[in-house]
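Chemist: Take a look at the letters that make up each chain.
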Amino acid sequence: MATPVIMPKFGMAQEEGTIIRWLKQAGERVEKGETILEVQTDKIDMEVEAPASGVLTDVRYGVDATVPVTTVIAMIADSAEASPPVTALVAPAGNESPIAPAEVRISPVAQRMAAAAGVDLTQVVGSGPSGRITKSDVASALAEAKEVEFLQGARLLRATPAARRLAREHNMDLALISGSGPQGRIQAVDVEQGARNKEQQAASASTDVQPAVQGATPTGEPLRGKRRTIASRLSQSWRDAPHIFFTTSIDLSRVDALTADLASEVEAGGGRLTLTVWIARAVATALQRHPRLNAWLQPDDDQLLYTQHSDVHLGIAVAVNDGLLAPVVQHADGLGLTALAARINDLSARARAGALTPDEVRGGTFTISNLGMYPVDHFTAIINPPEVAILAVGRAQMQPVWNGVAFEPQRRLQATLSADHRAVDGATAAAFLAEFKRLLEEPARLLL
Amino acid sequence: MSRELTYAEAIREAIDLAMARDERVFVVGEDVGVYGGAFGVTDGLFQKYGAERVRDTPISEAGIAGVATGAALTGMRPIAEIQFMDFITLSMEQLVLQAAKLRFMLGGKVQVPLVVRTPAGAGTGAAAQHSESLENWFVHVPGLKVVMPSTPADAKGLLLASIEDPNPVIFVEHKLLYRTKGVVPEGDYITPLSQSEVKRSGRDLTIVATSLMVVRALEAAVRLAEEGIEVEVVDPRTLKPLDAEPIVRSVCKTGRVLIVHEACKTGGFGGELAAVIAESEAFDYLDAPIRRLAGLDIPVPYNRELERRMTPQVDDIVAAARRLVREAR
Chain A
0 MATPVIMPKF
10 GMAQEEGTII
20 RWLKQAGERV
30 EKGETILEVQ
40 TDKIDMEVEA
50 PASGVLTDVR
60 YGVDATVPVT
70 TVIAMIADSA
80 EASPPVTALV
90 APAGNESPIA
100 PAEVRISPVA
110 QRMAAAAGVD
120 LTQVVGSGPS
130 GRITKSDVAS
140 ALAEAKEVEF
150 LQGARLLRAT
160 PAARRLAREH
170 NMDLALISGS
180 GPQGRIQAVD
190 VEQGARNKEQ
200 QAASASTDVQ
210 PAVQGATPTG
220 EPLRGKRRTI
230 ASRLSQSWRD
240 APHIFFTTSI
250 DLSRVDALTA
260 DLASEVEAGG
270 GRLTLTVWIA
280 RAVATALQRH
290 PRLNAWLQPD
300 DDQLLYTQHS
310 DVHLGIAVAV
320 NDGLLAPVVQ
330 HADGLGLTAL
340 AARINDLSAR
350 ARAGALTPDE
360 VRGGTFTISN
370 LGMYPVDHFT
380 AIINPPEVAI
390 LAVGRAQMQP
400 VWNGVAFEPQ
410 RRLQATLSAD
420 HRAVDGATAA
430 AFLAEFKRLL
440 EEPARLLL
Chain B
0 MSRELTYAEA
10 IREAIDLAMA
20 RDERVFVVGE
30 DVGVYGGAFG
40 VTDGLFQKYG
50 AERVRDTPIS
60 EAGIAGVATG
70 AALTGMRPIA
80 EIQFMDFITL
90 SMEQLVLQAA
100 KLRFMLGGKV
110 QVPLVVRTPA
120 GAGTGAAAQH
130 SESLENWFVH
140 VPGLKVVMPS
150 TPADAKGLLL
160 ASIEDPNPVI
170 FVEHKLLYRT
180 KGVVPEGDYI
190 TPLSQSEVKR
200 SGRDLTIVAT
210 SLMVVRALEA
220 AVRLAEEGIE
230 VEVVDPRTLK
240 PLDAEPIVRS
250 VCKTGRVLIV
260 HEACKTGGFG
270 GELAAVIAES
280 EAFDYLDAPI
290 RRLAGLDIPV
300 PYNRELERRM
310 TPQVDDIVAA
320 ARRLVREAR
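Protein sequences, first through last, are from chains A and B. Under numbering that gives the first Met the number 0, think of the first position of the first sequence as 0, with each following residue one higher. Under numbering that gives the first Met the number 0, think of the first position of the second sequence as 0, with each following residue one higher.
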């Protein structure tokens with residue numbers, strides 16, 4: 000008995016997944032529940048566990064392969080029946096260039112037919128006098144082409160059940176094997192021959208001398224999985240969205256005072272009343288008053304579609320080991336400080352543990368990126384498409400502030416809004432930022 | 000001790016043994032008594048056991064089957080003979096509606112321990128009404144067992160098993176096998192029903208054959224071996240209930256299977272065998288299509304040459320086997 004390993008469906012809308020890496024190789028022993036590969040969906044990396052104990056065999060897709068959900072990607076065989084691990088597939092034999100015909104005689108009707116149907120006459124053998132290509136030759140070439148197309152299109156191959164079984168066992172692609180049976184049917188002997196060839200190729204490849212390193216040979220490793228997605232999304236955003244930036248400085252005195260009063264009560268709800276929670280609360284409220292920034296801008300053919308959202312789904316950027324995640328607090332505008340703190344606490348903990356589901360990282364309408372834990376006074380962030388704005392928050396620090404009489408110490412932070420100028424005008428962005436600043440400086444308003 | 004007997008002698012010996020040890024066993028049929036049977040199978044039994052236990056009947060196949068069914072219900076062990084399998088058509092109601100079903104319909108309170116012996120097959124120039132092979136009609140009826148021996152030793156052992164079996168058994172003999180000889184063990188023994196047998200081992204091709212076709216397949220196998228083609232011949236012996244396992248195992252080994260029977264191809268037992276193989280784990284070992292070699296879909300011709308062409312001959316089996324192996328190499 001062999002158990003199939005399928006591309007799992009983690010999210011409701013997920014249709015495919017990309018293999019990031021195999022943690023187990025074909026032929027290795029795996030235990031049920033053990034992680035055997037990592038898979039990436041739109042935004043998130045997930046681990047796939049072995050559905051059964053046994054030996055991993057028949058690994059059908061390699062790293063970077065994107066596979067529809069529920070597709071069988073490998074098998075786990077009982078140890079007894081495990082087939083030997085096979086790695087590379089046989090490369091298709093290179094096509095030999097056809098010999099150019101000296102002079103091709105073609106009947107006029109055949110010529111017209113071929114032109115109409117796009118038949119390559121150099122590939123047609125003439126059966127008429129002196130090898131003249133006739134109407135019936137073109138017709139049979141057409142029929143053959145259709146047959147080939149049908150077979151390829153339907154992924155149908157003439158192969159005996161035994162040949163198919165052997166191909167599975169040897170992890171070989173039947174499409175790359177030529178059949179010796181009637182009408183090119185692939186038979187067991189053909190697959191066995193193919194498997195032997197592959198072994199020989201593998202043996203000779205391993206003895207080949209590595210070519211000397213050329214001066215300009217690029218080195219390094221290609222970006223994979225989540226990293227590659229981050230790269231392409233950020234370039235797209237930076238390339239397509241004209242970013243405009245607005246920075247403001249905010250007095251945290253009253254937030255700090257209120258935090259001291261409320262911290263223990265919020266903690267009873269399961270979260271911590273951090274600055275991030277205050278900022279999220281202020282952003283959600285400010286967005287309700289300036290919904291122009293709570294929106295998506297999406298390309299649709301040669302148009303841009305702007306969608307304003309009535310609910311605020313707030314992405315909170317979290318640095319994780321090998322990248323960045325922005326779990327989304329759904330309906331953040333409806334959450335009070337306690338609920339918001341609990342939700343952010345939960346999402347960021349699970350983000351760091353790699354335990355988010357794809358549905359928890361999509362659907363955001365605005366993102367907050369907080370680098371306050373680093374000695375970064377302020378920074379700018381790249382908008383997370385299809386959103387139209389993002390807020391970058393620097394660290395809070397004591398600063399001397401002139402109060403008209405003297406300098407007084409104040410804890411302040413700087414926040415920078417990046418907005419997509421295609422959707423958001425400067426004045427709109429500035430009004431939003433002013434609202435945000437006022438809410439944090441008079442945080443009692445956030446309790447209303 | 001064993002010695003050579005003909006197929007007909009082996010069957011007679013089985014009937015004799017059963018009659019001698021069990022007085023419930025009796026023979027009933029046309030010309031089975033004084034005449035000794037149309038093919039001489041019951042020769043001498045009338046003289047040994049008398050008219051009470053070896054009963055001649057009028058030409059009345061429905062009556063023979065009815066008498067046998069009724070006798071079996073009352074606890075007797077009838078061995079009915081239908082002189083030519085073609086005329087079993089007249090016995091169908093008694094066999095199919097009564098004998099096959101009474102045990103089930105009466106909740107197991109009765110048994111129908113009945114054997115119908117009947118010669119099938121062409122090759123005697125007896126034309127369309129005395130040459131048919133109708134075994135698959137009965138294979139299709141739940142409640143009946145169908146046995147088709149190919150050798151004298153199997154004929155004896157399987158007939159003794161059929162007589163002992165508490166269910167109705169259609170025991171299909173072959174006219175051309177009656178005179179074939181083979182080693183037959185002496186005394187009382189049973190060849191269990193529902194046990195297929197590998198008659199010859201080989202690695203290249205499985206031939207599943209029934210009755211006379213087993214003999215022809217074995218002959219073909221000898222000739223094919225000279226060409227380097229090693230044929231495995233499997234004889235189901237009991238068509239129903241079929242012991243599929245040796246057949247499936249053989250096909251898994253060889254990857255190719257030729258099914259040979261004399262009955263017409265369409266609706267014949269070969270279709271059932273092909274399906275059983277295709278549904279089994281042997282599917283994944285098939286390296287060529289399952290092929291059937293069977294009688295043509297025509298009434299058996301009177302003309303001897305046409306009759307010969309209508310049924311699979313050794314040459315036909317050799318050619319079909321060769322094609323199947325060559326195309327799969």
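It is worth saying that the hints were derived from the structure and are not from the lab. A few of these clues could be false.
As the list claims (entries may be wrong) - Pair ranges (Cβ atoms, derived): (1) GLY183(A) - ARG307(B): 35 to 43 Å; (2) GLY183(A) - TYR301(B): 40 to 48 Å; (3) GLY39(B) - GLY183(A): 49 to 57 Å; (4) PRO128(A) - GLY227(B): 43 to 51 Å; (5) ALA12(A) - GLU229(B): 53 to 61 Å; (6) VAL124(A) - ARG307(B): 57 to 65 Å; (7) GLU278(B) - LYS31(A): 26 to 34 Å; (8) GLY127(A) - GLU304(B): 38 to 46 Å; (9) GLY227(B) - GLY130(A): 39 to 47 Å; (10) ARG111(A) - TYR301(B): 52 to 60 Å; (11) VAL71(A) - ARG303(B): 58 to 66 Å; (12) LEU105(B) - SER52(A): 35 to 43 Å; (13) VAL71(A) - GLY227(B): 38 to 46 Å.
Note that the Cβ used here is the ideal one computed from N, Cα and C, for glycine as well.
Chemist: I'd like to know which numbered hints this structure contradicts. Please list them from smallest to largest.
Modeler: Those not satisfied are hints 6, 12.
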